[in-house]
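Okay, here's what each chain looks like letter by letter:
Protein chains: 2
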Amino acid sequence: MRFRPYKPAGAEFSSDKQLKQAIKSILGYRPGNMHLYHLAFLHRSATQETLNGIRINNERLEFLGDAILDAVAADYLFKTFPTKDEGFLTEMRSKIVSRAMLNKLSQKMGIDQLIQLDGSSTGTFRSFKGDAFEALIGAIYLDKGYDFTRKIILDRIIRNYFNMDELVLQEVNFKSKIIEWAQREKRQTQFNVVDEVGSGYKKQYIVELWLDGEAIARGQDYSIKGAEQNAAEKSWQKINGENIDL
Amino acid sequence: MRFRPYKPAGAEFSSDKQLKQAIKSILGYRPGNMHLYHLAFLHRSATQETLNGIRINNERLEFLGDAILDAVAADYLFKTFPTKDEGFLTEMRSKIVSRAMLNKLSQKMGIDQLIQLDGSSTGTFRSFKGDAFEALIGAIYLDKGYDFTRKIILDRIIRNYFNMDELVLQEVNFKSKIIEWAQREKRQTQFNVVDEVGSGYKKQYIVELWLDGEAIARGQDYSIKGAEQNAAEKSWQKINGENIDL
Chain W
0 MRFRPYKPAG AEFSSDKQLK QAIKSILGYR PGNMHLYHLA FLHRSATQET LNGIRINNER
60 LEFLGDAILD AVAADYLFKT FPTKDEGFLT EMRSKIVSRA MLNKLSQKMG IDQLIQLDGS
120 STGTFRSFKG DAFEALIGAI YLDKGYDFTR KIILDRIIRN YFNMDELVLQ EVNFKSKIIE
180 WAQREKRQTQ FNVVDEVGSG YKKQYIVELW LDGEAIARGQ DYSIKGAEQN AAEKSWQKIN
240 GENIDL
Chain B
0 MRFRPYKPAG AEFSSDKQLK QAIKSILGYR PGNMHLYHLA FLHRSATQET LNGIRINNER
60 LEFLGDAILD AVAADYLFKT FPTKDEGFLT EMRSKIVSRA MLNKLSQKMG IDQLIQLDGS
120 STGTFRSFKG DAFEALIGAI YLDKGYDFTR KIILDRIIRN YFNMDELVLQ EVNFKSKIIE
180 WAQREKRQTQ FNVVDEVGSG YKKQYIVELW LDGEAIARGQ DYSIKGAEQN AAEKSWQKIN
240 GENIDL
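Keeping their order, the protein sequence lines are chains W and B. All residue numbers for the first sequence refer to numbering that gives the first Met the number 0, where the first residue is 0 and numbers rise by one. All residue numbers for the second sequence refer to numbering that gives the first Met the number 0, where the first residue is 0 and numbers rise by one.
Pulled out of the complex, with its shape left as it was, chain W reads as follows:
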């Protein structure tokens, strides 16, 4: 492997041995290259150190782990739901890898206990737990390869912490669906508040969803959020109902 991670000074708040034991007890395997794991738990608030101008922290590993987790989840859903279409698969994946879900998972598994960060600022970092979770996936991938990482995610995470039947029933967020879909299809979306009707407690917002610069649906509600959901749901039906390549 060409990649040689940098070992930051002061990153060893827990010794190699301690961290190795913690990972063994959480994920059931012996990690190899400990530099990677120390780096995975290094939040940017914990160090100002730089290397060639970039700060040393877990954000590059998070980028990598995010992609690996998405791939493993796609593979798992593809095989688990052989009779469901790609819209369903996309939606299920966005439920599994939502930031809220990953933060919770990180906490349940005790991964959050391993994170090094500037304790005075934990309140201002909303997603450091989920970020470290993804960085850990990136570290496992570099340390042990894809097939091993996939097995860990399936055996130790998905099968232990997720109930697919519950996830299927979880209420659908059409705005997220549209955004996910647009992301996947490389389309540009935009929610625009175009008008308000009524006033005082009767005031309603009108929101249009624009796709690649063209309005495709309009929603109305007492809150902007509600109007967006409404516009997104209508758009979703339009996109899927018409079954054309928008």
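If you are wondering where the hints come from, they were derived from the structure by calculation, not from laboratory data. The hints are all genuine.
Since the list can't tell identical chains apart, any single copy or any two copies may satisfy a pair.
Taking lysine-lysine and the DSBU-like style, the derived pairs with C-alpha atoms no more than 35 Å apart in a straight line are:
{"#": "1", "residue 1": "Lys202", "residue 2": "Lys237"}
{"#": "2", "residue 1": "Lys94", "residue 2": "Lys185"}
{"#": "3", "residue 1": "Lys83", "residue 2": "Lys16"}
{"#": "4", "residue 1": "Lys19", "residue 2": "Lys103"}
{"#": "5", "residue 1": "Lys185", "residue 2": "Lys201"}
{"#": "6", "residue 1": "Lys107", "residue 2": "Lys224"}
{"#": "7", "residue 1": "Lys185", "residue 2": "Lys23"}
{"#": "8", "residue 1": "Lys83", "residue 2": "Lys237"}
{"#": "9", "residue 1": "Lys19", "residue 2": "Lys83"}
{"#": "10", "residue 1": "Lys107", "residue 2": "Lys237"}
{"#": "11", "residue 1": "Lys176", "residue 2": "Lys224"}
{"#": "12", "residue 1": "Lys185", "residue 2": "Lys19"}
{"#": "13", "residue 1": "Lys94", "residue 2": "Lys150"}
{"#": "14", "residue 1": "Lys103", "residue 2": "Lys16"}
{"#": "15", "residue 1": "Lys23", "residue 2": "Lys94"}
{"#": "16", "residue 1": "Lys202", "residue 2": "Lys233"}
{"#": "17", "residue 1": "Lys107", "residue 2": "Lys16"}
For chain W, the structure is supplied; the task is to place chain B on it using the hints.
This is chain B only, laid out in the frame that chain W set:
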């Protein structure tokens, strides 16, 4: 492998042998499970056939291949640019996997010649070439596994068709950057046209970028697109400059 793909009637417009030879000449390996490859090239316009209520086409494989391609690109960029931050890596990846790039690639490699679709409607399907390219990646993954697929993508695609130095210099689309970033961080973004100033040919638009329901920057330009780019660039600097967990 648990997955058993369905072999649609009439999907064999080219025989197994022909398709096998085509893939061998394009990608340099002998495919195994040919059902997967036939399915990868089956556009939804080519068949109305369904299985358990879902239509048989390449869209599920596209979902899978999209994720595998993202993962391989993340791995490649992570290792190729060891001193670049995750913002740079995210941006480079979005250039590599853009729909326009994948459509072009599909054509250059001759993959588009293998697609089965209703010829009368090719004009209305803007991205069928890139979609089939992703579906093919999904088929390779199911047929041969991750490591093999990664090697094919690196040796046969990235090294042959991409010039990283040129890609680095390619002009940056800040709106895409923000959307990619928000996607990765599971944040909600929204570009709102909030005002217009001037009139006639001097009319300018004012666009606000909202992040999780709060305006973070404002752009102004003679076109909505320009105002959005302007708002996105300011937001990008804000997000990265302040270096806080927005």
